[in-house]
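Heads up: the protein sequence lines correspond to chains A and B, in order.
Everything in the first sequence is counted per my numbering, starting at 73 for the first residue and increasing by one.
Everything in the second sequence is counted per my numbering, starting at 550 for the first residue and increasing by one.
Among these hints, one or two may not hold up.
What the hints assert, rightly or not - Below, in silico cross-link-like pairs of lysine to aspartate or glutamate (EDC-like), each with a Cα-Cα straight-line distance of 20 Å or less:
no., chain 1, residue 1, chain 2, residue 2
1, A, Lys160, B, Asp605
2, A, Lys160, B, Glu644
3, A, Lys160, B, Asp641
What the hints assert, rightly or not - Estimated spans, in silico, between C-beta atoms of each pair:
no., chain 1, residue 1, chain 2, residue 2, range
4, A, Thr201, B, Met550, 28 to 34 Å
5, A, Ile174, B, Glu638, 34 to 40 Å
6, A, Ala178, B, Asp643, 32 to 38 Å
7, A, Leu222, B, Thr607, 15 to 21 Å
8, A, Leu169, B, Asp605, 31 to 37 Å
9, B, Arg635, A, Val184, 47 to 53 Å
10, B, Ile631, A, His202, 39 to 45 Å
Keep in mind the hints are simulated off the structure, nothing from the lab.
Beta carbons are placed, not taken as given, at the ideal position from N, Cα and C, and that holds for glycine.
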Amino acid sequence: MLALLFILFAGLGIGCALAVVAQRNPLYSAISLIGVFISLACLYVMLAAPFIAAVQVIVYAGAIMVLVVFVIMLLNVEQEERGRTRLKFLVPTAVALAAILIAEVAFVLVSVQEFRVTPTNAASDIGVTHSIGSQLFTRYLLPFEITSILLLMAIVGAMTLARRGGLLPANARVIPGAQQLALSPDDLTLVETNSTDEAARLLGVDHRDESA
Amino acid sequence: MEPQLSWYLALSAILFTIGVTGVIIKRNIIAMFMCIELMLNAVNLTFVAFASFFQDVTGQLFVFIVMTVAAAEAAVGLGIIIAIFRNRETLDVDEASILKL
Chain A
73 MLALLFILFA
83 GLGIGCALAV
93 VAQRNPLYSA
103 ISLIGVFISL
113 ACLYVMLAAP
123 FIAAVQVIVY
133 AGAIMVLVVF
143 VIMLLNVEQE
153 ERGRTRLKFL
163 VPTAVALAAI
173 LIAEVAFVLV
183 SVQEFRVTPT
193 NAASDIGVTH
203 SIGSQLFTRY
213 LLPFEITSIL
223 LLMAIVGAMT
233 LARRGGLLPA
243 NARVIPGAQQ
253 LALSPDDLTL
263 VETNSTDEAA
273 RLLGVDHRDE
283 SA
Chain B
550 MEPQLSWYLA
560 LSAILFTIGV
570 TGVIIKRNII
580 AMFMCIELML
590 NAVNLTFVAF
600 ASFFQDVTGQ
610 LFVFIVMTVA
620 AAEAAVGLGI
630 IIAIFRNRET
640 LDVDEASILK
650 L
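Working from the sequences, and respecting the hints, build out all of it.
Put into structure tokens, the structure is as follows:
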């Protein structure tokens, strides 16, 4: 029974993972990746790790994939164009390497069968929230704190990266052809214009003289 | 028949290999990003399988930490993707081969 469930979820996971690579539209890849996460969460439940399964669904399938889908929709990515790559030889190389690795895995799978660890997941408290929490806040407190610092750095880094350029410098008056200009050095109110002529009229200067 | 530890390890290796293949053959930077997430999840499956079969909660704690790192990676990586797209108007990694923005 458990073996059937394993085969079901493993097949679902591998199929969705192949779809992630095979799809050309990134949005379809993202939805397939959510399928991988859900099937892995089911496997975690089979492995007596309900907390990790819940976190997998909430954090991965929820938060991270929402972020990815949000960026895909924000950037309005069209499908990949076919056959424009300069690294064509990499595709058969990748497939060959993958075949070799899968063959190695199959060999290990066959040869390691006599190494049997019997799971005693009958009456175990491994994986419930209580045991994870007590270990996380006692023995593994330092990695936990380092993780919080990492998250803080990620927040600051993401804000710095995604920010648009700063304010205009104080001596800037007009940027020819720009969409925004500062009325005067003292008054940094940004005014949107559509043309250099309009910008020059707002500033009261003749930009043709300046360009001469 | 119960699922053995080696089954989970084999599944994890297959998923990791699919992720590596995707990173190599994909050109869309967001698709490569998702393949990296796939590789992280394959490693997580290994951790949880060992934690369950050896009755040790440490593996699950590391999965928790790996998930946090993945969340941080998603935030920073998508910020970088947006910055690249704003400067180059494309998501093709071959177009972004110069490190300068």
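Against the structure, the hints come out as follows:
Our distance criterion of 20 Å between C-alpha atoms is broken by A/Lys160 and B/Asp605, whose separation comes to about 45 Å. Only pairs whose Cα atoms come within 20 Å are accepted, and A/Lys160 paired with B/Glu644 is accepted, the gap being roughly 16 Å. Simply put, A/Lys160 and B/Asp641 have alpha-carbon atoms about 15 Å apart, close enough for the 20 Å limit, and the pair holds. At about 30 Å, the beta-carbon gap between A/Thr201 and B/Met550 stays in the expected band of 28 to 34 Å.
Between A/Ile174 and B/Glu638 the Cβ separation comes to about 38 Å, which falls inside the hinted range of 34 to 40 Å. Distance hint check: the CB atoms of A/Ala178 and B/Asp643 are about 34 Å apart, consistent with the given range 32 to 38 Å. At roughly 19 Å, the beta carbons of A/Leu222 and B/Thr607 sit within the given window of 15 to 21 Å. Taken as a hint, the range 31 to 37 Å holds for the pair A/Leu169 and B/Asp605, whose Cβ atoms sit roughly 33 Å apart.
At roughly 50 Å, the beta-carbon separation of B/Arg635 and A/Val184 lies within the given 47 to 53 Å, and the hint holds. One distance hint, 39 to 45 Å for the beta-carbon pair B/Ile631 and A/His202, holds here, with the actual separation near 40 Å.
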